[in-house]
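Work the whole structure out from these sequences, hints included.
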Amino acid sequence: MKYMLLIYVPEASEPPAGTEPRDMNEAWISYDKAVADAGIRVAGDALHGPATATTVRGSGNGSPDTTDGPFAETREVLGGYYVLDLPDLDSALEWAGRCPATAVGGAVEVRPVVEFR
Amino acid sequence: MEAVFREERGRLLASLVRRFGDLDLAEEVASDAIEAALVHWPADGVPDKPGAWLLTTARRRAVDRLRRDRAYAERVAILQAEADRTDPGAPDEPDDGIPDERLRLFFTCCHPALPGESQVALTLRCLAGLTTPEVARAFLVEPATMAQRIVRAKRKIRDARVPFRVPGPDELPDRLPGVLRVVYLVFTEGYAASEGPDLLRVDLALEAIRLARILHRLLPREQEVTGLLALMLLVHARRHARTGPDGDLILLDDQDRGRWDRGLIEEGRELVVRALTGGPVGPYGVQAAIAALHDEAADVATTDWPQIVALYDLLARIAPSPLVALNRAVAVAMRDGPAAGLVLLDALADEPRLRTHHLYPAARADLLRRLGRTAEAGQAYRRALELVGNDPERRFLTARLDSLLHP
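These protein sequences, in sequence, are chains A and S.
Residues in the first sequence are numbered consecutively from 356, following the numbering used here.
Residues in the second sequence are numbered consecutively from 96, following the numbering used here.
In case anyone wonders, no lab produced these hints; they're calculated from the structure.
Fair warning: there could be bad hints in the mix.
Stated by the list, open to error - Part of the chain A face toward chain S, derived, beta carbon under 7 Å:
(1) M356
(2) D443
(3) L444
(4) D445
(5) P467
Computed from a predicted model, the values in this text were never measured in an experiment.
Yeah, the Cβ is synthetic: ideal placement off N, Cα and C, and Gly gets one too.
Structure follows, in structure tokens:
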């Protein structure tokens, strides 16, 4: 069963007090390695910030509208994602809980991936 | 006869979900098997092993059902394989040859990924064996609304694959409180609303006690499970003395303690001892100990208030909340006099959760009344009346206000 972990982080993500940005990088590197070692990784990427986002929306009269910025303006922004192959929701929630984003006030939305047969 | 099946249904359902990994299929064939039993048993007699009979019948129906629907069968086969892969653990102790798998079902129904109200509804339906209309009536919700709530929760269990497993020892401290909260919620709902106008209303307090007994049988060494069962028994023991003939509320001070249920109190007291020994004490154990002290006292005057204050101190440390602070202030008033209690209550005036809770002005009103500060007491009673939700408590507060104005 595949789950997508949508990783949201506070827009100006500050590392927790007492930690260097380098510690945060290391946390991500070791999380990424753990995912790879567990043999569960289907896909996963970090995204550039919302300032680089462009949204294309159907206008209802032919050509879609293109606007600068993310789909929704929120305090927390989509910073990256993983798609993991796991046996059940509990294991997906466990991997989400270990994600370094949760240590900086971020949140991980877990969504099961539809499997067409 | 239907009542006999209520508990049997939960066990049957749990075994079937364990076997097939699919709650919908399990519910369907469990109902089929019980219907078959209702037809055959009165005619042919009850079989030697009723549980085994039901399980065999239900399994046969499930196999028939899966033969008819290939696509469904494929999906269920995957669920079965996954269930075995993630959880090869030994089943719980069998007493009639069929392992009791209900603990898994508890953790599925009370999974934190499901909305709170659905957790309660699913638990009552799958483990207490209530029908959807019964659950709806118990919570004063339209049956269609409740049915939809249950369908949505079951869909999430299926699509997100909420597992059917007992959390490991490392996860249990995180997950067990959620299950206990659901059972206690069922109890408090039944307790607060047991004098409702609807005579058909299911006795939720009894259902909660039944659920806690099942949990206690399955997890006899978990102190908080023991504590929760003890707490509910010790509170439920006072049910007959708690309301007058007209459904009016009677406070602890004025209850006829001869009408308390001695059997439940004895059972509860034995459980409290176990809930408080062997490891760190939890909030249900402490609340049960407080309830036990009330139940043991001959009257309010001889109640062991110093011990009750000490237990509230402990509760405030392990599970702090404004309501605990409120109850502690009331207990201090009983130990040291109303003035001492009032000081503590006034310090809670800015608590957001107490500002809209009728118990806060009601408790203040009582202490002000005992201090002879009649005008202020009247004001506090009026404030409590603005906030109170149910009729018996409203009538009680109105009567107190009246006797204050016309002594």
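To see whether the hints hold, each was checked on the structure:
| no. | hint | in the structure |
| --- | --- | --- |
| 1 | M356 | holds, 5 Å |
| 2 | D443 | holds, 4 Å |
| 3 | L444 | holds, 5 Å |
| 4 | D445 | holds, 5 Å |
| 5 | P467 | holds, 5 Å |
Of the numbered hints stated above, none is contradicted by the structure.
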